[in-house]
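> Dock chain B against the given chain A, drawing on the hints supplied.
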Amino acid sequence: MKAAAAMLIAGAVWAQADSLPANKDAAIITEFQKRVDDYLKLRKDIEAKSGKLKASSSQEKISYQARGLRHKVREARENAREGEVFTPDVSAEIRRLIGLAMQAGNATHVRQSLRHSEPVQLHLKVNDKYPEQVPLQTTPPTLLENLPKLPPEIEYRITGRDLVLLDAKVNLIIDVIRGVFG
Amino acid sequence: MMLKQALLPAAALACVVAALPSIADDLPLKSGSTRFAVIGDMGTGGRPQYQVAEEMEQFRRKTAFDFVLTLGDNIYGGNGPADLKRKFEDPYKPLLDAGVKFYASLGNHDDPNERFYKPFNMDEKRYYSFKKGNAEFFALDSNYMTPEQISWLDKALHDSGARWKICYFHHPLYDDARYHGPDTDLRARLEPILVAGGVQVVLSGHEHIYERLQPHKGINYFVLGNSGELRDHNLRRSADTAKGFDTDRDFMIMEIAGDQLFFQTISRVGETVDSGIIEGPGK
Chain A
407 MKAAAAMLIA
417 GAVWAQADSL
427 PANKDAAIIT
437 EFQKRVDDYL
447 KLRKDIEAKS
457 GKLKASSSQE
467 KISYQARGLR
477 HKVREARENA
487 REGEVFTPDV
497 SAEIRRLIGL
507 AMQAGNATHV
517 RQSLRHSEPV
527 QLHLKVNDKY
537 PEQVPLQTTP
547 PTLLENLPKL
557 PPEIEYRITG
567 RDLVLLDAKV
577 NLIIDVIRGV
587 FG
Chain B
7 MMLKQALLPA
17 AALACVVAAL
27 PSIADDLPLK
37 SGSTRFAVIG
47 DMGTGGRPQY
57 QVAEEMEQFR
67 RKTAFDFVLT
77 LGDNIYGGNG
87 PADLKRKFED
97 PYKPLLDAGV
107 KFYASLGNHD
117 DPNERFYKPF
127 NMDEKRYYSF
137 KKGNAEFFAL
147 DSNYMTPEQI
157 SWLDKALHDS
167 GARWKICYFH
177 HPLYDDARYH
187 GPDTDLRARL
197 EPILVAGGVQ
207 VVLSGHEHIY
217 ERLQPHKGIN
227 YFVLGNSGEL
237 RDHNLRRSAD
247 TAKGFDTDRD
257 FMIMEIAGDQ
267 LFFQTISRVG
277 ETVDSGIIEG
287 PGK
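These protein sequence lines map, in sequence, to chains A and B.
Throughout, the working numbering is defined as the position within the first sequence, counted from one, plus 406.
Throughout, the working numbering is defined as the position within the second sequence, counted from one, plus 6.
No wet-lab data here; the hints were simulated from the structure.
Certain hints may be false.
Claimed, not checked - Simulated DEER-style distance windows between Cβ atoms:
#: 1; chain 1: B; residue 1: Gln64; chain 2: A; residue 2: Gly505; range: 53 to 59 Å
#: 2; chain 1: B; residue 1: Asp31; chain 2: A; residue 2: Arg567; range: 47 to 53 Å
#: 3; chain 1: A; residue 1: Asn429; chain 2: B; residue 2: Asp238; range: 54 to 60 Å
#: 4; chain 1: A; residue 1: Glu559; chain 2: B; residue 2: Asp96; range: 49 to 55 Å
#: 5; chain 1: B; residue 1: Arg243; chain 2: A; residue 2: Arg487; range: 50 to 56 Å
#: 6; chain 1: B; residue 1: Ala245; chain 2: A; residue 2: Tyr470; range: 47 to 53 Å
#: 7; chain 1: B; residue 1: Asp96; chain 2: A; residue 2: Gly505; range: 46 to 52 Å
#: 8; chain 1: B; residue 1: Ser37; chain 2: A; residue 2: His529; range: 56 to 62 Å
#: 9; chain 1: B; residue 1: Thr253; chain 2: A; residue 2: Val540; range: 25 to 31 Å
C-beta atoms are modelled at their ideal positions from N, C-alpha and C, and glycine is treated no differently.
With the rest of the complex left out, here is chain A:
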């Protein structure tokens, strides 16, 4: 009986020790996703007031609307700073997840995909627009499978060694993690 109880206690301690990091990671991701949602709510509120981007045969209208929306979002976030969405904890977690994605059987695929997908060298900052003349580097699907899920139109993009969070609809950098890719 005592031996069984000891085993139960030992098992419980082991389970607790094992679940602590997982819970911590989950909490970090939840907090990150909340910050992304907060950004998206801000953009959607602005969009609701200034007119939703809709299909048009006039590229002039589409460009004008997207540019206007970006301008207003940027104004509303003029005090935004690097690391506010990708907090230090989130950055560490994302680096860990990318490390995991690039291990074992996937390593060759992912590295080859990064090399072959027209790498770009940019140093973008929060509230910059992604330059129109510069192609978008493919984000390897294996990375996307491993990173925390994002709402549609918010994307992880690779710019040189950095990982940026891009609002693709208004073409605006939400945040950056420096030196993720060696």
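What follows is chain B alone, placed relative to chain A:
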């Protein structure tokens, strides 16, 4: 995911490919067939793009294709109104005026907001499908292949009752060009879905050459990224290359008639550089 293992389904196994060279010049033009053109990496606004577009119009008059698939890099270097005019509306004006519809997919040089541009018929979506005759076409966004997009494709392919399933997207899963090379991570994620879903034809751009590859797991792969851009002599032919063309620009016409798909690749000066027939899955 409905089915992830890379087993060949019955439909794909039945799709024994017999691409026969130099047979289908100007296609069979069978009554009731589905005819369309394919272009990729075209949006430069340069003279060669206009010349390819002129040749397309000549062939439209002969073959009466009524829609065009674009394989991405629709508009290079900026997406302002003047860019769209010079790199899309002006070169393809005769086709647009004739009622030809363009169904775009996005390349790495494209602004994702091109999905709002009505003449690209993307219905505000970055990936979508549409049906024509006995074929269903699946346009993907290979720049950003999320798990959601892969799940959507998996379900859409399985739900499709079309006899022909054709996928098109920018980055090739297989190719022999020197400049980029295939995207092997994309291939690892996508190929099992395409095979399980019974896709017979995959069209991609990105490499500024033309290459038809030997079929892989029952799928016929075409790379056509030279309808505006060109990387002269960039193709390093391999045993995998069924046919290549890397010394000028081109476009392709396809015709689906029952269980046969005819294709004809035509250069900027109107020369047929590849043609053949793909035998379909049957029923």
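> Falls inside 49 to 55 Å, the C-beta gap from Glu559(A) to Asp96(B)?
Once the Cβ atoms are compared, 30 Å apart, the range 49 to 55 Å for Asp96(B) and Glu559(A) is violated.
> Measuring from beta carbon to beta carbon, are Ser37(B) and His529(A) in 56 to 62 Å?
holds (59 Å)
> Take a look at whether the Cβ-Cβ distance between Ala245(B) and Tyr470(A) falls inside 47 to 53 Å.
Between Ala245(B) and Tyr470(A), where Cβ atoms are some 52 Å apart, the hint holds.
> Given the hint of 50 to 56 Å, is the C-beta distance from Arg243(B) to Arg487(A) inside that range or not?
holds (53 Å)
> Using the Cβ atoms, figure out if Asp96(B) sits within 46 to 52 Å of Gly505(A).
Check passed, 48 Å falls within 46 to 52 Å.
> Measuring from beta carbon to beta carbon, are Asp31(B) and Arg567(A) in 47 to 53 Å?
Holds: the Cβ-Cβ distance is about 51 Å, inside 47 to 53 Å.
> Given the hint of 54 to 60 Å, check if Asn429(A) and Asp238(B) actually sit that far apart at their C-beta atoms.
holds (57 Å)
> Lying within 25 to 31 Å: is that true of the beta-carbon distance Thr253(B) to Val540(A)?
With a Cβ separation near 29 Å, Thr253(B) and Val540(A) satisfy 25 to 31 Å, so the hint holds.
> Evaluate the given range 53 to 59 Å for the C-beta pair formed by Gln64(B) and Gly505(A).
Distance hint for Gln64(B), Gly505(A) holds at roughly 55 Å.
The structure is inconsistent with hint 4 alone, although it conforms to all the rest.
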